[in-house]
Amino acid sequence: DGGITQSPKYLFRKEGQNVTLSCEQNLNHDAMYWYRQDPGQGLRLIYYSQIVNDFQKGDIAEGYSVSREKKESFPLTVTSAQKNPTAFYLCASSSDREQPQHFGDGTRLSIL
Amino acid sequence: QKEVEQNSGPLSVPEGAIASLNCTYSDRVSQSFFWYRQYSGKSPELIMSIYSNGDKEDGRFTAQLNKASQYVSLLIRDSQPSDSATYLCAVGIPYSGGGADGLTFGKGTHLIIQP
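For the protein sequence lines, the chains are A and B, in the order given.
Numbering of the first sequence is given in my numbering, commencing with residue 1 and proceeding in unit increments.
Numbering of the second sequence is given in my numbering, commencing with residue 1001 and proceeding in unit increments.
No lab work stands behind these hints, which were simulated from the structure alone.
Note that CB positions come from ideal geometry on N, CA and C, so glycine has one too.
It is possible that part of the hints are untrue.
[What the hints assert, rightly or not] Looking from chain B toward chain A, a few residues come up when the C-beta cut is under 8 Å (computed):
no., residue
1, 1039
2, 1040
3, 1043
4, 1044
5, 1046
6, 1095
7, 1099
8, 1100
9, 1101
10, 1102
11, 1108
[Unchecked claim] Below, a list of computed lysine-lysine pairs in the DSS-like style, where the Cα atoms sit at most 30 Å apart:
no., chain 1, residue 1, chain 2, residue 2
12, B, 1002, A, 57
13, B, 1002, B, 1107
14, B, 1067, B, 1002
15, A, 14, B, 1056
16, B, 1042, B, 1056
17, B, 1107, B, 1042
18, B, 1107, A, 83
19, B, 1056, B, 1067
20, A, 70, B, 1042
21, B, 1107, A, 9
22, A, 57, B, 1067
23, A, 9, A, 83
24, B, 1056, B, 1002
25, A, 57, A, 14
26, A, 57, A, 83
27, B, 1056, B, 1107
28, A, 71, A, 9
29, A, 70, A, 14
30, B, 1042, B, 1002
31, A, 83, B, 1042
32, A, 71, B, 1042
33, B, 1067, A, 9
34, A, 9, A, 57
35, A, 83, A, 14
36, B, 1107, B, 1067
37, A, 71, A, 57
38, A, 70, A, 57
39, A, 57, B, 1042
40, B, 1056, A, 70
Next up, chain B with everything else stripped away, as it sits in the complex (with noise of 0.2 Å):
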């Protein structure tokens, strides 16, 4: 069983500062990886895709992948109420003929952003 493992938190960050937010997935052979928001009550919102080691930044978010040590990583700058949410890991499920067949989420991790 393939396992994608995040800290449930609540994970509390005063605003203006950076929430740093990991995953570690089990998977050795996955090449994407994802991370979405979910506000309470509704469906998961994609925040951010990465496919290659290193980082990848998109305004106030940047992931990281570090796939030796099946690592990613989202850190959030500038972080605000707004961003109070759970933000789930999630990892595509490998195909062989490339890209992924679904995606096995980590169970979230709660953001508290106080003000």
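Extracted from the complex, chain A is given alone in its bound form (with noise of 0.2 Å):
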């Protein structure tokens, strides 16, 4: 079956720590996006990607970082500079800008 998987699925991260965050698709999507969620509130978008070996910052892009060196796979990796992690990230893709994006199941990071 076609989907977006995320994983981990929970993450822990240590103070000074950089974590990566997988999102991987199968659907052959070109765009792909990153967005964090805090609780009651809704998404906020971090970095985006509309075509391989190319990227932009969203909203809330510092402390984060991305690459997007095949088309199927869009990792997150959250650095030791972004002080306020804990956030339920999500990644989405869609086939091009036109159309609707849609979700993984999402990772829940949090701090040690």
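The two chains are supplied separately, each in an independent frame; assemble them into the complex guided by the hints.
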């Protein structure tokens, strides 16, 4: 079945540690996105990529980094510079800019 | 900063009635609008997309768009207890070449369908 797979489902970060969240899709979608959701809040855009080897900052990119080396993969690294990383992280994809985005099941990141 | 506003609720509706959810947005040039349903602890699920003024119907759901008033709404007919969830309004961030670069979300409206 086609879909978006995020892993791990739960992740714990120690102080000063970088962690990487995985997002893989087998939908052959060109566009991929990362959002962050805090309790009781809407989603906020971190980074997006419309094509392989190209990505753009969203509204809250500070403390995060991404890569897009393959069409199907868009990993997000939460760096130690992100001082408040505890949140629900959601990856989405769409076939192109005109089409709706569909989401993976998300990764919950907490601080140890 | 582009904004999307929703009443956080909770909005309580009797089973079988019509639930009406509303959303306003600040970016006048926005062209794409979406409603997502999110159950507690889960990821958002696309319910409706709408791009033109007027109504768009899909089963029990109707999305309404009024670009002049910068207003989007979602109607749920014959509400069921399984419709109880948070409904997120999302607006496409316009891209100069057409389409959208990501979405701006409202904080969501918590809907409760009372049996």
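Quick rundown of the hints versus the structure:
1. 1039: This hint is violated: residue 1039 (chain B) lies away from chain A, its Cβ roughly 12 Å from the closest one there, beyond 8 Å.
2. 1040: violated, 11 Å
3. 1043: holds, 4 Å
4. 1044: With Cβ-Cβ at 5 Å, under 8 Å, it holds.
5. 1046: OK, holds: residue 1046 (chain B) within 8 Å of chain A, min 5 Å.
6. 1095: Check passed: Cβ of residue 1095 (chain B) comes within 6 Å of chain A, closer than 8 Å.
7. 1099: holds, 3 Å
8. 1100: OK, holds: residue 1100 (chain B) within 8 Å of chain A, min 6 Å.
9. 1101: holds, 6 Å
10. 1102: holds, 4 Å
11. 1108: holds, 6 Å
12. B:1002 / A:57: holds, 15 Å
13. B:1002 / B:1107: Status holds; Cα separation ~13 Å.
14. B:1067 / B:1002: Answer holds: residue 1067 (chain B) to residue 1002 (chain B) is near 15 Å, not above 30 Å.
15. A:14 / B:1056: Answer violated: residue 14 (chain A) to residue 1056 (chain B) is near 48 Å, above 30 Å.
16. B:1042 / B:1056: holds, 26 Å
17. B:1107 / B:1042: holds, 15 Å
18. B:1107 / A:83: Judged against 30 Å, a Cα distance of about 22 Å means the pair holds.
19. B:1056 / B:1067: Distance of about 14 Å is within 30 Å: holds.
20. A:70 / B:1042: Holds, at about 27 Å.
21. B:1107 / A:9: Status holds; Cα separation ~23 Å.
22. A:57 / B:1067: holds, 27 Å
23. A:9 / A:83: holds, 21 Å
24. B:1056 / B:1002: Answer holds: residue 1056 (chain B) to residue 1002 (chain B) is near 25 Å, not above 30 Å.
25. A:57 / A:14: holds, 25 Å
26. A:57 / A:83: holds, 18 Å
27. B:1056 / B:1107: holds, 23 Å
28. A:71 / A:9: Cα-Cα ~22 Å, so holds.
29. A:70 / A:14: holds, 29 Å
30. B:1042 / B:1002: Cα-Cα ~26 Å, so holds.
31. A:83 / B:1042: holds, 25 Å
32. A:71 / B:1042: The given pair, whose Cα atoms are some 25 Å apart, holds under the 30 Å limit.
33. B:1067 / A:9: violated, 39 Å
34. A:9 / A:57: Holds, at about 24 Å.
35. A:83 / A:14: holds, 11 Å
36. B:1107 / B:1067: Status holds; Cα separation ~20 Å.
37. A:71 / A:57: It holds: about 18 Å lies between the C-alpha atoms, which stays within 30 Å.
38. A:70 / A:57: Satisfied, since the Cα-Cα distance of roughly 18 Å is no more than 30 Å.
39. A:57 / B:1042: holds, 25 Å
40. B:1056 / A:70: Distance ~36 Å between residue 1056 (chain B) and residue 70 (chain A) Cα, so the pair is violated.
Figure legend: structure checked against the earlier numbered hints; hints not met, in rising order: 1, 2, 15, 33 and 40.
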